[in-house]
Every structure is written in structure tokens, then in C-alpha cells.
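Enquirer: These protein sequence lines are chains A and S, in that order. By the count of the working numbering, the first sequence reaches residue 417 at its end, each step adding exactly one. By the count of the working numbering, the second sequence reaches residue 356 at its end, each step adding exactly one.
One should not assume that every hint holds.
[Stated by the list, open to error] List of simulated lysine-lysine pairs, DSBU-like, C-alpha gap at most 30 Å:
hint: 1; chain 1: S; residue 1: K105; chain 2: S; residue 2: K297
hint: 2; chain 1: A; residue 1: K57; chain 2: A; residue 2: K245
hint: 3; chain 1: S; residue 1: K297; chain 2: A; residue 2: K330
hint: 4; chain 1: A; residue 1: K206; chain 2: S; residue 2: K192
hint: 5; chain 1: A; residue 1: K118; chain 2: A; residue 2: K87
hint: 6; chain 1: S; residue 1: K271; chain 2: A; residue 2: K245
hint: 7; chain 1: S; residue 1: K271; chain 2: A; residue 2: K206
[As the list claims (entries may be wrong)] One side of the interface only, derived from the structure: several residues of chain S facing chain A at Cβ under 7 Å:
hint: 8; residue: P21
hint: 9; residue: M23
hint: 10; residue: K25
hint: 11; residue: W30
hint: 12; residue: H43
These aren't lab readings, by the way, just hints derived from the structure by calculation. Even glycine gets a Cβ: it sits at the ideal position worked out from N, Cα and C.
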Amino acid sequence: MAIQKHNTPMLDQLEAGPWPSFISGIKRLRDQHPDPRINETINDMLGQLEHSYETRKGYWKGGTVSVFGYGGGIIPRFSEVSKAFPKSKEFHTVRVQPPAGNHYSTAMLRQLGDTWEKYGSGLVTFHGQTGNIMFIGVDTPSTQHFFDEINSYGWDLGGAGPCVRTAMSCVGAARCEMSCTNELKLHRLLVNNFTDDVHRPALPYKFKFKVSGCGNDCQNAIERADFAVLGTWRDDMKVDQAEVKAYVADKGRQYYIDNVVTRCPTQALALNDDDTLAVNNRNCVRCMHCLNVMPKALHPGDDKGVTVLIGGKRTLKIGDLMGTVLVPFKKLETEEDYEEIVELAGNIIDFWAENGLEHERCGEMIERIGLANFLEGLGIDPEPNMLSHPRQSSYIRMDGWDEAAEAWFERQAEAGK
Amino acid sequence: MADMREPIESGCPDPWQYMHPTMRKNFGQWKYHEHPRPGVLRHVAYSGDEIWTVKAGTQRILDVFTLRKLCDIGDQFADGFIHFTLRSNIEYMVNDGAKVEPLIKALEDAGFIVGGTQNSVAMISHTQGWLHCDIPGTDASGVVKSMMDELIDEFRNANMPNRVHITTSCCQINCGGQGDIAINIQHTKPPKINHDLVANVCERPSVVARCPVAAIRPAMVNGRPSLEVDERKCICCGACYPPCPPMQINDAEHSKLAIWVGGNHSNARGKPTFQKLVAAGIPNNPPRWPEATAIVKRILKAYKEGARDWERVNEWIERIGWPRFFEEVELPFTKYHIDTWRGARASFNSSNYIRF
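Chain A with its partners taken away, still in its complex shape:
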């Protein structure tokens, strides 16, 4: 029986133009998919979407849908206008964790697609803004069946609600010469040590891990992650002077000075008279600019590790927060090194779970209680890399100054400085 197609004059206008049209794709599911269930569901979903375009309002509401054994991972969507569009009255999204670094074989993508069209709408996004594969549009009973099938061949739900969320990492060492760490390994170790906190939302609010292999921070980790890890190095950057000379010869000295030397944020670079590059490594902050400009000539050093920043998030409730440096440098070589960073994450989550208010992100809690108290709570010693500059306000009680100063010198002595 042919379906009665909703008119979609506004959505139809999104089929014009050269960029691929999501509306055309959605219509293919309505018009060409062999399964009448999908044709009907998509038809009503399109009808509701057109209604939204006409009235400039959304008509999906949340609710409670989960799979057996889990408390989160499904974004429930019930239509407020299901009388007019009954076939898409339940249109939940299933959040599924992608492989670290977002690598796929076509065979696996086909398998996921086959399972999805058996139970769901046939619409999928790689990936949502939290990093999940978004399987968009499935009714309540089929949610369980879909999950059971993909879970049986290696896929698990991501986070939704006040929990540890799906993590993200850049392509990193798999294809990038700037990579300073094994992003994929760290991504999986971090998030997979907290699967219970991913699947059973019981934290004050969301908690995100993001791993970028260098200061270019392609994962926006400092801006967006509660626990941001960026690759870096602490020995000298590698300079291939022959390649530097070749670059200067190609681009000219003026261009080189304007685009490399003077763009260094800490004035750590100079052009020598013989067109080689002088680097003041002690003052280099590993910002990545000169490496980006000359990827053939400049490379990270060999003594690689990571910097950890805590508390990044977008605007609500107290305004945007960038992450704050908590660990300036940590080697990640041995299994013990990795265990230590996972332990740090666990300690932070535990501390925040105990001290955070409802709906308060980790960074907001740090803002409320103060960075010094947060450090004390975690047993982490303060150090100047955590700040842009020391305090400006004189209003603080300083009874413990002498002990704190002594402790600093002891730590310096221990570190052999």
C-alpha cells in the first residue's frame, strides 16, 4: 500500500544547491527503502520536521528509555505531535562509542548499517558533537534488539546524562607527524576504566575525556573537556637545517621572518646569517606554530609525554572555562605510567562526585572551591605552570607560608634542581 506522503515544501528547498542534501537522503529512505516500516516512519518524521520549519518550534520531548543493565546511552525522543505523525511517535537516538580515533573498515560500517535498518530508521551520523555514532530514530522495543545485536559484535553504548561521556581522540600517531603520544591507547584506557560511570549516570553532571596528540589540539580538548590530555615533549625540538635552508630559499627571508620567526609567542626563534634556524628550546612553549609551517624541517623532540588540563567546558552556568594545567608533564611509556594517569582521573572523578553540586561541572566546582583547595583535596602540589600569573589580591590568610615555602624547596631538592 502506497503511503500518503506529507507535503514538505520548505524542506524541499533544502534539496537545491551543490552541497549534499540531508533532506534528499531522508527522502530516499521514505521512497526507496524496501521496508514499509522505514518508509512510514520516515514519512511521519519528515512531516513533523516540516511542521517545525513552519512553526519554528521543536516537538521532541525526552523521557526514560534504556537497555537492560544500563541507565544511560539512549537519548529518548517522544513526539509531542504524534497524533498528526503517529509512525514516528518514538524516535530515540542510540549513542554508540566509536573506535578511538574514528577508524572504520567498510565491512564493519556495512554490518552496522545492516543491523540498523533491521530495527531503526536508517539514519546515522558519524559523529555527534560528544563523539558518539548517532543512530537516529528507533522505537522503544527495538532499542533493546538493536543494542543486543551490535553489542554482540563489539559495540557498546556511549554516555548520556550525568556520567562519564564518550571520549574523543585525534587521528594522532596513526597518521600525523606532530603526534607526541599514543592517543588511541590513552583514550581507551581512560574511558574503558570508567565503563560503569559511562553506563550508569550517577555523577554531578557530565565528565568528558579528550586526547589531542599535540598543542594544535584538534580535539578542542582544552575548550571542551573536563579532563584534557595534550601530547608534548620536553627535550629540544628536532631541526633539519638543510630543510630550513630549502624553505628559506623557496619562500624568501622576508616571508620566513614574518611567518615563522616573529610569530613565535615566546620569541624563541631567530634566523641565523647562514639561513639556519636558532631555537631557544628553554623558552619554547611547544605551541606548534613553526612545526605547522615547516613540517618537513621541524619535529617534536624524543622525550615525549603529555600535559593534563582539568575543567574545560562551555558556557552554563558561570561562563566558559578553559581547562587548567594540573600536570605540566607526564611520561607515558610504561604500563605504570598509564596506570598513574588513569588513577589520577579516578581520583578527580571521586573528589568531584563527593564535592560537586548537582549539575556542576568539574571546572565549576574548582572555580567555587578554589584551585588551591582542589589541589589539596587531590594531594597534588602547586606549581607555577598551573597559572598565567600569581595572585593579584592581597586578601588572604597566610599562616602556613613558612611551611609551604620549605616544602617547595624540599620538592625542588628531591627533583634534583
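We have chain A already, so just place chain S on it with the hints.
Expert: Okay, now just chain S, sitting in the frame of chain A:
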């Protein structure tokens, strides 16, 4: 419950099994990369191996037919492996430069757009909108489709001073993220409350707690427990709407679009920055949102003409100054551009630095 299956809590899958063999072989051993043409990267490993990446934009919300078409192209031209970028572009990898042109042709013949590398306008990262979100003020997918239709040449080429990341978000939570240019819903009126529903639908104390300016308080309205909003204090953020849907924040007329610029995730040349408001009151005008696109194009044009090589939007504006930015993009400067949030004072000019 007897037939309920226990989940396997496998978490994040191991990507090793899905990684192109040349990438597996040279993991952590890449030496440098080149940009032979827009949409293509050539990475060279210390072993001498090469991997060529072809990047393409898609409609992001994929139907299974499109997904299979992308897989067909991967099987036929790219060894059966795919990588997705943070901005939902698809990337195919081949280890022979001769395979690049046929792959590009296959993608373009199928309607996908090759580009998005280096100093291009990258694919707009966006949120779910009316298609699926429970609190959306607009439809990000539609905004993005309309805008990318107009910006397609800047995606296909790499003629910008540096890369440009654009994002869109359907509410002020800004799930689309920070961007060199961000197009976000901006509510301009307090929520409209359906007092008949509040008592049954909303957990009132947690809604009160959710308000960042303490403008919500419990109240009896028409003999029923409800909530009321002090409209002089309300900052129209919409934070009360997700936990309490009867506090409708979206408004067909008064929910507008606003444009923010200068968000930059990278540490290169300077510390990461957040985006700043430049334009507001832009009509939320489906299905093509022409007013928002026109302003974005003005900003891009001024940036393209005025910025130096490698300057991101924030760095360009910092160099030329905000007064000249507003002049160049022909946008009004108003009292609404002056920040009122915690830390606002840090954004005031406390110097004699004035450009004439």
C-alpha cells in the same frame, strides 16, 4: 525479564582492527606531510611509506543508502578503510598517489565535495536541531546545508589566511562548540510558563537551582504549585527549559540568531580563545536562513582580504582592533556587546591603546 540479555560492557572498541594497514605499519613513525592540492594530504613515514588522504564533505546525517555508497567508494578505490574527522568529514586513505585522482572523481561523481583541508573553510560542525533535539531553537542541519551551498568554493579551495572553523548551535548551550565563526540561537525573551503543567512535569527545586541568576522561585499560580520568573533578572539563557519543558524558551518570533567570532582551539601562536559576540537579532528564517549567511560571508570576505598568512580570525581581529572589525564587516556596535558576566572587567580596555 528472563530473556533479558546482559550487556557486554566492552566500552570503546580497539581501532587497530579498522585502521588502514599502512597507518598500522607506520604508527607513530610519520615524518612529514604535504598538501598537494585542496582536499588531499600526503603523509610520508620514516620507512619511506606514503599515505595519501582524500577528504570529502557529506550531508553528515547519512541514510543507509549514502552510507553504502561511501563504503562502495572505499572498497573500489581506497582499500576498504575509512576515517571520520572531528567535523564529520569522511577521509579515504591510499598508499599510491596514482589512486588519488580516480578516488576524487568517484567521490565527486557521487555528489560528495572534496576539500576541507588546511586553510579552507572547513565543514560546519553542528548540532541536531528540529530533527532530533528536545530543546532546539532552530534546525542546525538546515542552516548548515544552506550555508555550505554558498561557501562551497571556500571548502573546495584553500585560499583563506588560515583554516576557518564554523559551528552552528540550536541553543545557547552551544553543543556545536567554539568556532572562528559560530552561528547560535539567542533567546531574547524570558520563558513562557504553562502553569497548568509545571507541578506535574517539573522537579521544582532543581529548576530553581538550575537558574544561573536566581531569577526563578516557587509560586502558587491559580491555586496550583508552579514557578515564576523575575523577568528583570532573567538573562534568557534557556537553562530552565530542559528540566522543565512547560517553561518554553523557544519563540517563533523572538528566538533569533547571533554570530560569534574568534573561538580558536589551537595553542599555535597564542593560547586558545573563546568566541565573542559580534552580531545578534538575525532572523531565524527557515528554510534557507539567508540573513545569517550574508553576515558570515561578509566576515569571511573581510578576513580573507585583511588577515595575514597563518592568522586565525581571532588573531586578525586582535591585530586590527575591534573598532576596525565592526567597521569592515559593517555591523553595529551596541551596549549588548559589553560583557556582563563574571570576569567581564578583564575585557575592558584599561590602556591608551586606541587606533585612529
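Enquirer: Each hint needs a verdict: does it hold in this structure or not?
Expert: Tested hints:
{"no.": "1", "hint": "S:K105 - S:K297", "result": "holds (29 Å)"}
{"no.": "2", "hint": "A:K57 - A:K245", "result": "violated (60 Å)"}
{"no.": "3", "hint": "S:K297 - A:K330", "result": "violated (43 Å)"}
{"no.": "4", "hint": "A:K206 - S:K192", "result": "holds (28 Å)"}
{"no.": "5", "hint": "A:K118 - A:K87", "result": "holds (16 Å)"}
{"no.": "6", "hint": "S:K271 - A:K245", "result": "holds (29 Å)"}
{"no.": "7", "hint": "S:K271 - A:K206", "result": "holds (25 Å)"}
{"no.": "8", "hint": "P21", "result": "violated (11 Å)"}
{"no.": "9", "hint": "M23", "result": "holds (5 Å)"}
{"no.": "10", "hint": "K25", "result": "violated (11 Å)"}
{"no.": "11", "hint": "W30", "result": "holds (4 Å)"}
{"no.": "12", "hint": "H43", "result": "holds (6 Å)"}
Checked against the numbered hints listed earlier, the structure breaks hints 2, 3, 8, 10; every other hint is satisfied.
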